[in-house]
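Enquirer: Listed below are the residues making up each chain.
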Amino acid sequence: MTLLSLTDLAVTLRNRPVFSGVSLTIGEGELVGLIGPNGAGKTTLMRSALGLLPIQSGQSSLAAMSTADRARAVAWMPQAREIAWPVPVERLVALGRLPYLPISGKIPPADQEKIDAAIAYLGLEEFRARAASRLSGGEQARALIARAIAQDTPLLMTDEPIAGLDPAHQIATMQVFADLARHGRSTLVSLHDLGLAARHCTRLVLLAEGGILADGAPEDVLTDALLARAFGVTAWHQQTSSGPVFQPLEVI
Amino acid sequence: MRLFLILATLVTVLFAVSLTIGPAETGGLQSLAALLTGSDGPLPMVMREIRLPRALLAALIGGGLGMAGAALQGYLRNPLAEPGLIGVSGSAAFGAVLALQAGLTATATLGLPLAALLGAVVGVFLVMGLAGARGGSLTLILAGIAISALAGALTSLVLNLSPNPFAANDIVFWMMGSLADRSMTHLWLALPFIVIGAGLLASTARGLDALTLGEDAAETLGLSLSRLRLLVVLGTAAIVGGATAVAGSIGFVGLVVPHILRPFVGAQPSRLLWASALGGAALLLMADISVRVILPDRDLKLGVVTALIGAPLFLHLIFKTRRELP
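Protein chains in written order, with the numbering used here: chain Y, 1 to 252; chain B, 1 to 326.
Be aware that a few hints might be false.
Listed below are several chain Y residues computed to face chain B (Cβ distance under 10 Å; list not exhaustive) [to be verified]: (1) 50; (2) 101; (3) 114; (4) 196; (5) 199; (6) 246; (7) 249.
Simulated from the structure, these hints should not be mistaken for lab results.
Where is the CB? At the ideal position from N, CA and C, for every residue including glycine.
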């Protein structure tokens, strides 16, 4: 089943064309890494695919949906980890169930189970009653991922979820997305850490020069030629006994 | 649930106390009995025509202002937002000032409140027009500040050029806010606006919760941001317009009440709405009781007392916030 399909998408912001001719489909069980240099339009691509930005031409399957249907089709985690009020972690995670709740706002037992499962999945039990806005950056990121998982959508889109996290939190976060993919739920994640992208993503999409430069398995996208062209760097990339290892080396 | 019971009890007790206070010296139980039995005579008359509308208006307006403050803080995700921010109280006050200056109050009893309501309606249309149909909270704040400043300047202009010192005096006192000598007519005038406004704000509860995660995430949770903004602005405008029309400018209630109650509802914007409604009613009843108890012979103004109560509470909050900072 196709969870996201972009056809010939083009976006212009403030009279500046960001990208054009972007076509992309994401099916079940994929962890797709969206990579590209700063300003390539990764955030713009994700927001326009969601229908949060006006699209000049082309189609997005998610943007075509009603807001209510979209809320059941995709969960979105913006880059700014915004938690406006010191709500308890449990209430924050429960926000993911908003699209499903009855008018009364009461949380039915089935929904509460999903909330509990998401909290347990991210190991947040001890923070349940703590104010989410007062947690550390890594804990906030985990709480927000739990919120997105509680939304229980087949697709998760997340913008630089591992930026500013320590190595353990970065790896754990990518493992959560990889585990979701093994259970059939797909994730489109934008990230700058190509090493983590190489190790965890099932597929990489390279956005540069106003369009998709490459789309495929990590080893096919992270080639010397493409890296030089898109990022202007050289890199060491090997298949080792402990998995693929990727390390950028020099600016060309 | 416990908080609800505490606040509801507080409001009930303060409401009863408010009914027993006035220049006509009577025992508390005696006056309550007079109201309930509804017999003829001076005391039941005083109760029905003077004290009851006053207590009802205090509860209604306080509740409305508290709820509007909670809704605006939730929508703007800013604990310093207050109902006056969207410019409606300023424009309502300007409408009232024009009516006072033109002497409308002498010819028609309802001239002043109706002029204030008209000012509020004009103000809300201007703010919505300036802020645009789509657009974030920032344009709304800017439009609100612009309209408030304009209404304030025009009010000052009227005072400045007023040829009649008595009218100027009236204007200054009216702007301080009061619930003295209000009748049931005033209640019936304000009631529909405040009830409709509260209904509109109550329907935003889920959206305000979703906004905890920011505008983008809230929108992907199935929320329509433009609809939410329309509901918040119209709801607040209806409440503030209705309240200002019959009671003048009453500050601090919408700012302080949600701030005090936030920790008791787990900071959840939806629960803060009804809690602030009850809390606002309690605070304004308390202030209106103080007005009559502290200086019964002088016409102490309600807005002065809410500011006097509100400012120290706010200072306390500042110190609390400072202690929590690293």
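Enquirer: The structure should be examined with respect to each hint, and the outcome stated for every one.
Expert: Here's how the hints hold up against the structure:
{"no.": "1", "hint": "50", "result": "holds (6 Å)"}
{"no.": "2", "hint": "101", "result": "holds (8 Å)"}
{"no.": "3", "hint": "114", "result": "violated (15 Å)"}
{"no.": "4", "hint": "196", "result": "violated (23 Å)"}
{"no.": "5", "hint": "199", "result": "violated (28 Å)"}
{"no.": "6", "hint": "246", "result": "violated (30 Å)"}
{"no.": "7", "hint": "249", "result": "violated (36 Å)"}
The structure does not agree with the numbered hints 3, 4, 5, 6 and 7 stated previously, though it agrees with the rest.
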